Each structure stands twice: as C-alpha cells, then as structure tokens.
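S.K.: Now for the letters of each chain:
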Amino acid sequence: MAARNHDQWMATPPLQKGEWIDSRVYTDYQIFEEENEKIFKNAWVPVCHESELSKPYDFRTTSIAREPIIVCRGPDNQVRAFLNVCPHRGMMIERRPSGSFFEGQPSGNPKRMTCMFHGWQFDMKGSCVYVSREKEGYQDRLCKDDVGLRRLRCEVKFGGFVWVNLNDKAPDLESWAGKPFECLRKSLEAEPLEVFHYHKAIVDTNYKLWHDTNCEFYHDFMHYHNRVTGFNDAYFARKNEAFDNGHIVVGTFEVNYDKYEGFESRASLSFPHLPPNQWYMIDLFPGINFNLRGSALRCDVVTPLGPNKTMIEFRGLGLKSDSKEDRMTRINHHNSIWGPFGRNLHEDLIGVQGQGNTMMPGTEPRRVLHGRQENQTIHDENGMRHYYDEWGKWLNRLPSSPDKPYAAASAVTAAE
Amino acid sequence: MSTCETVRDAIYQATALLDDQKWNDWLSMCDESFQYSITSWSPEINYNMTYLAASKKDMHHLVDLLPKHNTDHSPLHRHTSVYSVTPSDDGKTAKAVSSVLIFQNMLDGTNSHIDAGESRLFLIGRYIDTLQVEDGKATFLSRELKLDNRRLDKGSHWPL
Ligand code: FES
Ligand SMILES: [Fe+2]
Chain A
1 MAARNHDQWM
11 ATPPLQKGEW
21 IDSRVYTDYQ
31 IFEEENEKIF
41 KNAWVPVCHE
51 SELSKPYDFR
61 TTSIAREPII
71 VCRGPDNQVR
81 AFLNVCPHRG
91 MMIERRPSGS
101 FFEGQPSGNP
111 KRMTCMFHGW
121 QFDMKGSCVY
131 VSREKEGYQD
141 RLCKDDVGLR
151 RLRCEVKFGG
161 FVWVNLNDKA
171 PDLESWAGKP
181 FECLRKSLEA
191 EPLEVFHYHK
201 AIVDTNYKLW
211 HDTNCEFYHD
221 FMHYHNRVTG
231 FNDAYFARKN
241 EAFDNGHIVV
251 GTFEVNYDKY
261 EGFESRASLS
271 FPHLPPNQWY
281 MIDLFPGINF
291 NLRGSALRCD
301 VVTPLGPNKT
311 MIEFRGLGLK
321 SDSKEDRMTR
331 INHHNSIWGP
341 FGRNLHEDLI
351 GVQGQGNTMM
361 PGTEPRRVLH
371 GRQENQTIHD
381 ENGMRHYYDE
391 WGKWLNRLPS
401 SPDKPYAAAS
411 AVTAAE
Chain B
1 MSTCETVRDA
11 IYQATALLDD
21 QKWNDWLSMC
31 DESFQYSITS
41 WSPEINYNMT
51 YLAASKKDMH
61 HLVDLLPKHN
71 TDHSPLHRHT
81 SVYSVTPSDD
91 GKTAKAVSSV
101 LIFQNMLDGT
111 NSHIDAGESR
121 LFLIGRYIDT
131 LQVEDGKATF
141 LSRELKLDNR
151 RLDKGSHWPL
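Heads up: the protein sequence lines correspond to chains A and B, in order.
Those letters in the first sequence? Residues 1 to 416, by the working numbering.
Those letters in the second sequence? Residues 1 to 160, by the working numbering.
Extracted from the complex, chain B is given alone in its bound form (with noise of 0.2 Å):
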C-alpha cells in the first residue's frame, strides 16, 4: 500500500473506533507524543480559539473520567472524506486535511420522548491530521479539529 492509502486507512479506522466509542482503541492508534485539539476562528471576538487541548495521557484521563460525569449519551456518527495526504520529503510522516460532519443521532440530551431517534446535524469542520508511517502502518502524531461552529449548543464530553 502507498503511503497516501496507509494514512487514509487510518482515517477512516479512526473515525468507526470513535463512531463507536470505543476511545482506548482510537487513543492506541496515537503515538506517546500524540496532541489533540479543538479550534475554530470567531469572527466574533477575531480570535483563532482553542475549545480543547490535550495531549494522549489528557485524553485518556478524559475518557477514563467519562463514568463520573452526567453527560449527553446521543450517539455521534462521524463523515470524514479525506480531502488531501501531503508525505513529507523523507516519506516517514504525512499531513492529512479531511472534512468531516458530525450528525447527532438524539437520545437523551433534549427531549426523549419527541427528539430520540433523530439525527441532527451537529458540527462540521475538517480534520488536519499529523501521522507517522512506518513499516506500512500509519500512528497519529496530532489531530487538530477545526470547527466551523461557534454555536455548541450544549457540546459534548466526548473526543470528536
């Protein structure tokens, strides 16, 4: 496989493993040094925002924690089309930009008896993925989420 298809592969695997929650699979395709963050640009405030950063051991305190918390359960369903995959000179990593849409598939954050059920658009935004490749397997190195969405409505505890 090329190293475009290796990371892009690994995209797409990332996406099903967060799609299903299962957050210590998708955090052991993160290498040690691996950073995550949520941004977005306000033309509100003419800021480039950080909503969340973390490193690997941040996020997996975060979703170890995730039991204790009384959070909004609905399901996020993830579409991710990987746009571009940039290798390096050295072909040892690769930048990747993909879009990705996140709808919400209600449950109980609003009102159960009339919203579960129903999926709504949530977020869009792209993904711009860092990942190392070696050996014919792509590790993520960082995952910056650049939202388009300043309105969150009541955001989520969860990776995205």
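Next comes chain A alone, as it looks inside the complex (with noise of 0.2 Å):
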C-alpha cells in the first residue's frame, strides 16, 4: 500500500483485538502515576543482589514508585528491608548507594542506622533504639516502640536477589515467580552468584518500551550480533512462553558465538547444570528480565521516572567461586555484547530512545502492532501480547483503547 493520508493512518488495523495497543500507554502523565501506584507499589522487584551486601551491618540503598529503600543484613546475616525514611521529620535515614553501619557515622553509634539530623538511631531490625532527649521532649506520651522504622517485604530468592514489595499483602515471591523460574532455579540455586557487573541507563522512553524489547526477538534484525551467531533452525523454533502474573519465558538453543569474528564458545563457563552455549530469557511482570547466556546473567530492573524517562539498572552475575581467570573470561562474555561499550546493549537502547522521540507526551495516539503470530516461537509478539493483557487488568484500561476499562476485553490471549 502507498503511503496513508490521515485517517488511512489512524484506522483500526486488520488485526484481532490484542494484536495492536494505542501508544497512549507510553506518553500519557496519568497512566504513569496509575502504574506507580497500582502495580510499581504491589509488585516484587530485585532491588538489588546479597553479594552487594555481603558482610552483616552493610547495606544498600534503592526505591520503588520514588518509595525510597534500605537494605541491610543483621547480625543474625538476615537481609531486611525498611523504607527509608526517618519517622520522625522524614528525613532520608542513609544518603550513601552502599556501605556499612559496623561504623560509627558523625551523628550516631556503631551497629545502628543513624538519622543525621537530629540524630534517632535503629537497629538492623528496624527498632528505634535511641531518640535524643527522649523523655525531655516527649515525657510519656511517645516512646521509640512507636517510632520503629517501616519494615517492608524482603526475600532473598531466585539466585541471591534480594526481592521488596511495597506491599504487606502482596502474595508470596514464589507464587508470583516461581513458575517461570523453573527453566533456570537448578543453574542459579546450584551455589552463590556474585554481581560483577553494575551500570545503569536513564533514557527518554518509556520503561514498557525497555520491557517489550527484551520480550521479542524479533528484533534481533537489528543486532549483527545475534544475525551471525543466531539464525539457524534452532533458533526460530525456540519458544515464547506466557506465564500468570504477565511473566513470559524464552526458551533456549545452541548459540553460535564463534560465528562472530573474534568471540568465542562460552562452553567451558556454563552456570551449573546448564548445557553449552545455552540462552534463557525470563521477562517479569512489570519490567525485570533475567537473562543467562552459558558463562553470564544478566537482570535488568526498570524504574519509571516519568512517562517518557527511565532508569535501567544492568547487573552482570558469574559464581562466588570462580577463580580470578574464570571470573575474567566471564566478564570478557558479558561484556562483549551486554556491556556498555559491547555491541549489543547500545543498539537496543537506541532502538528504544527512537520510540522515545516518536512517543512522548503530546505526540498523537497512533497504532503500535504487536500482531506477529509463529506458533509462540521467537519472532511471535505473544510475549507483548500477554504483557499487555496483564497491564490492562491491573490497570482497569484497554491497551488499545487506554481511556476505555479493560473489562470490556475477553481474555485474549489467555490461550497463549
């Protein structure tokens, strides 16, 4: 068809329902403050993994939905999470990304997180354990068992990371993940990972854009990479499968490294109980990935800024145990494609910064398609497809008609 005039551009596509959305989704302020709210602040995300705080009293600092986190580990080397804000004037508890309370800070004791401004201290547990003039100021009328830290939900799981929901009530991480874990929990439970490997990204687009791109491959045309060491039969049988909660799985096949000239077979460095040269892809529910090519793992973990800006944070994870080379050789693969100056990542990330520009807020609701259908294999959009479905529920809009409810929607993709 030649090109369309306006209303040629704006008509419904000869698609199924479920097969288009309204781009909408990705530039409206309204729908970025209903997505913190309804699903950032109910859903489990890995703010970070146990080796970034190894020893008891270290911590690490993070948010969610602008939430702001710390992570610590006890005495008792349990990991805890606690938002991070003082009770008394709301003051940010801990300034630093990481470090460790096993000393003391200029305005409060060893072994406790001090509050610099007027100097409240807590343990590891979250307890208030010292207010300054505490009975001058407050007589009997409040006392620190009322002024503990908020505790949020914590679990360490899935390879180390360590898990926070916003949420007390929030089903357990297993029930939420469990199921599309099972691909990889023997390789990543087999022995501790460490994370070798931190950057992170602030990009003008939105962060389900970041999501889709690790949900198909069909964009695998852009990278030379994945051209030259992926394409065979193997490659386009692999499948794409949808999981509950709007998790989605990618399933493996042999890849051909040493295709591309000058990088070689990760064989020798599989994650344990993995076969050589292996790649599993495991896309959470509302923007995390799990990515595990042979030697390395990758997560990435979006946090949305607004709805044309977000933070990716990039881990690369190889085993506590390697030895110094091993370790190397690992990074060397991680890199190569994944890291910042690697062939890979930057592509994607254009790739997304150019759906930025077209997308913003302002810009005309138009189509996007995601109306590929091979069998649930590679280059299927049913990976988008199941997201959105899941999107639409939690948010109570149609992905193609985001000012309409969802209900409306019959479970279009359920089958998938």
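Since the hints were derived computationally from the structure, they do not count as laboratory data.
Please note that a few of the clues may not be correct.
As the list claims (entries may be wrong) - Chain A side only, calculated, beta carbon under 10 Å to chain B, not exhaustive: (1) Ser54; (2) Pro56; (3) Asp58; (4) Arg96; (5) Met328; (6) Asn335; (7) Gly339; (8) Glu347; (9) Gly351; (10) Gln353; (11) Gly356.
Stated by the list, open to error - Quick list of simulated restraints, FRET-style, between CB atoms: (12) B:His61 / A:Ser270: 19 to 25 Å; (13) A:Lys17 / B:Asp20: 51 to 57 Å; (14) B:Leu101 / A:Ser268: 25 to 31 Å.
What the hints assert, rightly or not - Only some residues are given here: those of chain A computed to face chain B with a beta carbon under 8 Å: (15) Cys143; (16) Tyr224; (17) Asn332; (18) Pro340; (19) Phe341.
Just so we're clear, the structure is a prediction, and the values are computed from it rather than from any experiment.
Quick reminder that beta carbons are idealized off the backbone N, C-alpha and C, glycines included.
Assembly of the complex is requested from the two constituent chains, each provided in isolation within its own frame, with the hints serving as guidance.
M.R.: Structure follows, in structure tokens:
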C-alpha cells in the first residue's frame, strides 16, 4: 500500500483485538502515575543482589515508585528492607548508595542506622533504639516503640536477589514468579552468585518499551551479532511461553558465539546444570529481565521516572566460586554484547530512544503493532500481547484504547 | 626531546586520532602486545568493574565490524590533560596518568531535530597508560580508561 493519509493512518489495523495497542500507554502522565500506584507499589522488584551486602551491617539504598528503600544485613545474617525514611521529620536516613553501619557515623553510634538530622538511631531490625532527649521532649506520650522504621516485605531468592514488595499483603514471591523461574532454578541456585557488573542508563523512553524489547526477539534483525550467531532452525524454533502474572520465558537453543569474528564459545564456563552455550530469558511483569547466556547472567530492573523517562539498572553475575581467571572470562563474555561498550546493548538503547522520540507526551495517539503470530516461537509477538493483557487488568484500561475500561476485553491471549 | 615530552606528545596525538575516528591510525601507535581496558569502581556493588577488556587484535575486530552495527554517530571529543609521566628506571618504558573528559557532540543518538549540534559531557575519568620509548618514539603498551561514571546511558561502540 502506498503511504496513507491521516484517516488511513489512524484506522484500525486489519488485526485481531489484542494485536495492537494505543501509544498513549507510553505517553500519558496520568497512566504513569497510576502505574506507580497500582503496579509498582504492589509488585516484587529485585532491588539488588545479596552479594552487594555480603557482611553483617552492610547496606544498600534504592527506591521503588519514588519510595526510598534501605536494605541491610543484620548481625544474624538476615537481609531486611525498610523505607529509608526517618519516622521523626522524614529525613532520608541513609544517603550513600551502599556501605556499612559497622563503623559509627558523625551523628551516631556503630552498628546503628542513624538519622543525621536529630540523631535518632535504629538497629538492623528497624527498631528505634535511641531518641535524643526522649523524656525531655515526649515525656510519657511517645516512646521508642512507637517510632520503629517501616518494615517492608523482603525475600532473598532465585539466585540470591533481594526482592522487595511495598505491599504487605502481596502474594509471596514463590507464587508470584516461581513458575517462570523453573527453567533456571537449578542453575541459579546450585551455588552462590556474585555481581561483577553494575551500570545504569537513563533514557528518554517509556519503561514498557524497554521491557517490550526484552520480550520480543524479532528485533534480532537490529543486532548483527545475533544474526550471525543465532539465525538457524533451532533459533526459529525457540518457544515464547506465557506465565501467570504477565511473565514470559523464552526457551533456549545453542548459540554459535564463534561465528562473530573475534568472539569465542562460552561452553567451558556454563552455569551449573546448563548445557553449553544455552540462552534463556525470563521477563517478569512489570519490567524485570533475567538473561542467562551460557557463562554470564544479566539482570535488568527498570525504574520509571516519567512517562518518557526510564532508569534501567544493569547487573552482570557469575559464580562466587570463580577463579580470578574464570571471572575475567565471564566478564568478557558479558561485556562483548551486554556491556555499555558492547555490541548489542548500545543498539537496544538506541532503538528504545527512537521510540521515545516518536512517542512522547503530547504526540498523537497511534497504533503500535504486536500482531505477529508464529506458533508462539521466537518472532511471534505473543510475549508482548500477554504482557499488555496483564497490564490492562492491573490498570483497568484497555491497551488498545486506554481511556476505556479493561473489563470490555475478553482474555484475548489467555490461550497463549 | 625528553622521555616525558615524547610520552606526552604521544598521548595528545592519540587523543586527536581518536577524536577524528582514525581508529587504525590510533592502533598503529600501539604495540602488538597492547592491552586496552575500560574500568570503573562501583560503590553500588563494591567491585572494581571491567566494562571492556581487549587485545590489539580484539580492537581491530571491534573497529572492523563497526559498519555492521547500528551506532550512535555523535562525535566524541576528548579533553586530555597529562598529569604525570613516570619513566621506568631503565628509561625504556613510562607510565602516564592523564585526566580525560569526553564530550558528546549530539548527532543521531537522541532526537536529532532537538539535540543535534549540542555538546554534552559524556564521561569523565583517567587514562592510565604504559608506553615504550625507543629512539625518541613512544608506543602504547597498555591503556586503562578508569571511568568515574556508572551512569552511562546509551554507552558507545567506539574506542574511547
Ligand atoms: S528527621 Fe530523623 S531524627 Fe529528625
Ligand atoms: Fe536486543
């Protein structure tokens, strides 16, 4: 068909319901706020890895949906999470990205979380243990027991990631994501893992566009590396499997890494229980990705900063038991395509930035097609269809017409 | 010219070649045993990270395959200041530490109608170089670019 006029451009595409969505899901400020409130404040997010706080009194700070969070390891080796908010006048208790409470701080004692502002102190279980001039100011009206920190749901799971959920009543993590993790559970839990890579990107695009890119492999056409190391019969037979709660898993095949000039097979450093050069991908709702390519694990976590602004944190992991030499090889494998100076990640980020340019707040609402049907194999777009069906339920909005309630839609992709 | 001056000149010449995207000319200033790396200390994960590690052969593969890849073509402009040059006792090699700021002159990486032509600070760090000095000529044996950034946005396909 020739280029289209405006009416033709805006017309409903000749596809089934659920096979396209409206770009307002990526551009609307109200939807962004609702996503924070209804989705991110109720979903499990792997905010860091336990190797980032390896010793008692180590901590990491982070946030979900603007709520500041602190994760710390107690003297009992338990990892706990709290709102990083002082119950007195709302100061952020800890400002550093990471560190240890083992040593004292200018305002406080060793082994305590201390709010620098007025010196209130908390132990690693979040109990308030010191209020400066407590009796003088509060007499018997308020005591330390009344001003403990806000404890958050926290589980260390699926390879040692530290998962936090802001909703006290959310289902447990196993029932939320246990099934999609089944394909990698043995590999991730055979022995402790360690993070060797961290960097972040802030991109002018919607977080779902990043997650979409992690959920669809049709864009392997963009990656020279994936074309030469991947495109064969086994690749095109890979399955895209949908799981409850909007998660998907992309099944494995054997990648020929040495087909890219200068790159090597990853067979000698496969993760435990993993046949050589396999590649699994787990995409969790609403924007978390676990990607295991033979010798290295990658995990992406999105933090939406606006309808058109997203922070993505990238981690790379190997086995804690790695020799120095093996670790370096794993790091090189990770970096070759996934590092900030690697071949694929740069291309993926340019891709979603390009989408962010055409879909920013105020741009015309238009169709985004998710209509490829290929028997739920690698270039089928059932992963995205499954995601947006779930998204519609959480927000009670129809992805193809987000000002209408979801209720109208039948379970389009349920069979997938 | 003194060893220090020779080394300093080589670092500035390398900067100019990299700015001009003359990758092979830059690599010809490097010994066959050349090792290149981009590293950064992460307080987040408490780890000395390697973002890229490559031999001279790896770097040749990397630049040879650039035309096959989709890349942000915004030119990079490095501002290098050599802070110290320390010759070895036998005078055959020298270690140099330079401060480097890398600006990105926006072209096609974001929204070109809005951003193209603007220069943004992209990365800051230090070059830690080892050079061989022979007959008044300096050759790079290794270069470590130790970045302060862990926020790298879209990153880059290019040697830095
Ligand atoms: S705000 Fe924390 S002690 Fe006052
Ligand atoms: Fe990709």
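S.K.: Next, verify each hint and record whether it holds.
M.R.: Cross-check of the supplied hints:
no. : hint                            : in the structure
1   : Ser54                           : holds, 8 Å
2   : Pro56                           : violated, 15 Å
3   : Asp58                           : holds, 8 Å
4   : Arg96                           : holds, 7 Å
5   : Met328                          : holds, 7 Å
6   : Asn335                          : holds, 6 Å
7   : Gly339                          : holds, 5 Å
8   : Glu347                          : holds, 5 Å
9   : Gly351                          : holds, 8 Å
10  : Gln353                          : holds, 6 Å
11  : Gly356                          : holds, 8 Å
12  : B:His61 / A:Ser270: 19 to 25 Å  : holds, 24 Å
13  : A:Lys17 / B:Asp20: 51 to 57 Å   : holds, 54 Å
14  : B:Leu101 / A:Ser268: 25 to 31 Å : violated, 40 Å
15  : Cys143                          : violated, 36 Å
16  : Tyr224                          : holds, 4 Å
17  : Asn332                          : holds, 6 Å
18  : Pro340                          : holds, 3 Å
19  : Phe341                          : holds, 4 Å
Violation of the numbered hints given earlier is confined to hints 2, 14 and 15; the remaining hints are satisfied by the structure.
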